[in-house]
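Enquirer: Got chain B; can you put chain G on it based on the hints?
There are 2 protein chains.
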Amino acid sequence: MKYGFGIDLGGTTVKIAYFDETGTMLDKWEIPTNTAQGGQQILPDIAASIRQYITSHGIADSDILGLGIGVPGPVNAKGMVNKCVNLGWGVFNISETLSGLTGFPVKAGNDANVAALGEFWKGGGQGCDNMVFVTLGTGVGGGIVVEGNLLHGAHGSGAEIGHLVLNPKETVPCNCGKFGCAEQYCSATGIVRLAREFLKTTSLPSTLGQVENLTCKDVFDAAKAGDPAAVAILEQVYDYMGMLLGNVCSTVNPEVVVIGGGVSKAGEVLLEGIAPYFQKYVFHAASGARFALASLGNDAGAYGAFKLALDAFG
Amino acid sequence: MKYGFGIDLGGTTVKIAYFDETGTMLDKWEIPTNTAQGGQQILPDIAASIRQYITSHGIADSDILGLGIGVPGPVNAKGMVNKCVNLGWGVFNISETLSGLTGFPVKAGNDANVAALGEFWKGGGQGCDNMVFVTLGTGVGGGIVVEGNLLHGAHGSGAEIGHLVLNPKETVPCNCGKFGCAEQYCSATGIVRLAREFLKTTSLPSTLGQVENLTCKDVFDAAKAGDPAAVAILEQVYDYMGMLLGNVCSTVNPEVVVIGGGVSKAGEVLLEGIAPYFQKYVFHAASGARFALASLGNDAGAYGAFKLALDAFG
Numbered sequence: 000m001k002y003g004f005g006i007d008l009g010g011t012t013v014k015i016a017y018f019d020e021t022g023t024m025l026d027k028w029e030i031p032t033n034t035a036q037g038g039q040q041i042l043p044d045i046a047a048s049i050r051q052y053i054t055s056h057g058i059a060d061s062d063i064l065g066l067g068i069g070v071p072g073p074v075n076a077k078g079m080v081n082k083c084v085n086l087g088w089g090v091f092n093i094s095e096t097l098s099g100l101t102g103f104p105v106k107a108g109n110d111a112n113v114a115a116l117g118e119f120w121k122g123g124g125q126g127c128d129n130m131v132f133v134t135l136g137t138g139v140g141g142g143i144v145v146e147g148n149l150l151h152g153a154h155g156s157g158a159e160i161g162h163l164v165l166n167p168k169e170t171v172p173c174n175c176g177k178f179g180c181a182e183q184y185c186s187a188t189g190i191v192r193l194a195r196e197f198l199k200t201t202s203l204p205s206t207l208g209q210v211e212n213l214t215c216k217d218v219f220d221a222a223k224a225g226d227p228a229a230v231a232i233l234e235q236v237y238d239y240m241g242m243l244l245g246n247v248c249s250t251v252n253p254e255v256v257v258i259g260g261g262v263s264k265a266g267e268v269l270l271e272g273i274a275p276y277f278q279k280y281v282f283h284a285a286s287g288a289r290f291a292l293a294s295l296g297n298d299a300g301a302y303g304a305f306k307l308a309l310d311a312f313g
Numbered sequence: 000m001k002y003g004f005g006i007d008l009g010g011t012t013v014k015i016a017y018f019d020e021t022g023t024m025l026d027k028w029e030i031p032t033n034t035a036q037g038g039q040q041i042l043p044d045i046a047a048s049i050r051q052y053i054t055s056h057g058i059a060d061s062d063i064l065g066l067g068i069g070v071p072g073p074v075n076a077k078g079m080v081n082k083c084v085n086l087g088w089g090v091f092n093i094s095e096t097l098s099g100l101t102g103f104p105v106k107a108g109n110d111a112n113v114a115a116l117g118e119f120w121k122g123g124g125q126g127c128d129n130m131v132f133v134t135l136g137t138g139v140g141g142g143i144v145v146e147g148n149l150l151h152g153a154h155g156s157g158a159e160i161g162h163l164v165l166n167p168k169e170t171v172p173c174n175c176g177k178f179g180c181a182e183q184y185c186s187a188t189g190i191v192r193l194a195r196e197f198l199k200t201t202s203l204p205s206t207l208g209q210v211e212n213l214t215c216k217d218v219f220d221a222a223k224a225g226d227p228a229a230v231a232i233l234e235q236v237y238d239y240m241g242m243l244l245g246n247v248c249s250t251v252n253p254e255v256v257v258i259g260g261g262v263s264k265a266g267e268v269l270l271e272g273i274a275p276y277f278q279k280y281v282f283h284a285a286s287g288a289r290f291a292l293a294s295l296g297n298d299a300g301a302y303g304a305f306k307l308a309l310d311a312f313g
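Note that the protein sequences, when read in sequence, are chains B and G. Read in numbering that gives the first Met the number 0, the first sequence has 291 at position 292, and its numbers run on one by one without any break. Read in numbering that gives the first Met the number 0, the second sequence has 202 at position 203, and its numbers run on one by one without any break.
No lab work stands behind these hints: they were computed from the structure. Backbone N, C-alpha and C fix where the C-beta goes; we use that ideal spot for every residue, glycine too. Treat the hints with care, as some may be off.
[Stated by the list, open to error] For the chain B half of the interface with chain G, some residues (derived, Cβ under 8 Å), not all of them:
1. A76
2. V145
3. E146
4. G147
5. G157
6. P167
7. G245
8. N246
9. A284
10. G287
Same shape as in the complex, but just chain B (with noise of 0.2 Å):
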């Protein structure tokens, strides 16, 4: 038996994940992400963690097949970062770096990325070939699985569906700086706006208007009860959620759409509000695709991590 790393680099925390070559996550830990000086300590301290982990567990490094790593923000298929502004990396060889520091070969990949073949490996995608990956959170996120293989894109950008223009009228812009991205209206934070901008023209009533600091969980809780407005808000929200996985749909042809991020815990009420507004979009030829919620949360990043270093090294 082989065992290898799959580890998730976020902006503040680094979760590193041991794994048996049959996919069983063995251990898990954190360590901190130290941004300072341009983030060089990242991967020294990721190598350090995890050869004390193998030092102190008596493991060999022949057992080892390999690590696997997600990173928040541009990496093609040959490992090279292109500036993750969150980590205050500029440009370079990802993989090389921390198989240097290692011993290890590493394969690298985005984090959304990763964590869509962590999810179609063992969570909600498992049994297909072809897979559609949305984060619905704080912003939208989006991986692409073709045939068992991760799309990583020509400059490691694949799949930010959370950047499809929807309605090129829209007058706000998003973070992204362009106007009408699916992010400004299927995020938590679209969710809410969208909510606000209705209630303040509605004459439905509404228990909305009372609540401070309104959240995306209101919303859902609030039309859970019947409130008749935030009902209307997410019709508009499955609208707009129907046209952006319809599209992405027609572009893929994917078997299953697996929907994560804290809009999901909204649960079944989420695809349920979907799938009319899915066929409506969606070209007949790819309706077939099956709708199914994210089952690994946090953990899905490191199983995606090591499922990279299990196809290339395994």
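Expert: Same frame as chain B, now just chain G:
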């Protein structure tokens, strides 16, 4: 040296080409597509034509690596055809059937996808790993290459980018039954429709009002001559094309976008027209995609079909 055949199966003719393994097209010819009786003679006709060619040219069966075929409908990676309305075909495995008829291994793909592979290999996409191909003709078709491999999709309908919805408020239905598909604005037919609508209401002077049976070429010609209405119409068209290709590139992140089909005969002016709108819509990390015109014309399908066979059996 090994050899093979690339077959481009259309609704009226079948184009067959003979290649050596370097991709040099040594010969090509056409036979009619016999769509009578549910298209049951189509594959026997193709097999007979290839068999006759081999015999009359004294080619040894052992020198043939295989056949590739592009089909006007959904085909998945395993060769399952899922209804080709134009041909009268239902659901069956075309690779197995044609292989049984010829004695050679067969690989099949959707015609637009296969044409994309041809352009990727020997046309406008040469030298790249990731490509988006779009044909702007009577309709709008597409093909996507990810790290050298065609994106077939789970149901054989990958890259149906002509049916991405760009304008959910459209009141005229697309041929597919949905509203606001890219094909309604970016195809030759769509451009003429936009022109007619624009001319009804504009106060801009135009020579186009007098043109009987207005064509897409008329609009491009008038714009080249400085006709203010034609220029304004094409700005609308370029905006839609920029939104389509921007959204597809934010999803796929290719190195190159190759544009073919009748509308691409407008030439470089088309690429220059789309460029600023593409930048308006595409996610910044995917904005480096280069634009190129397709260069293989009607032979793209045969090249791509042979490449399918070469990749599988060469």
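Enquirer: If a hint holds in the structure, say so; if it doesn't, say that too.
Expert: Quick rundown of the hints versus the structure:
1. About 6 Å separates the beta-carbon of A76 (chain B) from the nearest beta-carbon of chain G, less than 8 Å, and the hint is met.
2. Satisfaction of the interface hint for V145 (chain B) is found here, the shortest Cβ-Cβ separation to chain G being roughly 5 Å, below the 8 Å cut-off.
3. Of the supplied interface hints, the one on E146 (chain B) holds, with its beta-carbon coming within about 7 Å of a beta-carbon of chain G, less than 8 Å.
4. For G147 (chain B), the interface hint is violated, since its Cβ never comes within 8 Å of a Cβ in chain G; the closest pair sits about 11 Å apart.
5. About 4 Å separates the beta-carbon of G157 (chain B) from the nearest beta-carbon of chain G, less than 8 Å, and the hint is met.
6. Interface hint at P167 (chain B): satisfied, since its Cβ lies 6 Å from the closest Cβ of chain G, which is below the 8 Å cut-off.
7. The interface hint given for G245 (chain B) is met, as the beta carbon of that residue sits about 7 Å from the closest beta carbon of chain G, less than 8 Å.
8. Checking N246 (chain B) against chain G: minimum C-beta separation of about 5 Å stays under 8 Å; hint holds.
9. Among the interface hints, the one on A284 (chain B) holds; its C-beta lies about 3 Å from the nearest C-beta in chain G, closer than the 8 Å criterion.
10. The restraint placing G287 (chain B) at the interface with chain G holds, with a minimum CB-CB distance near 6 Å, inside the 8 Å limit.
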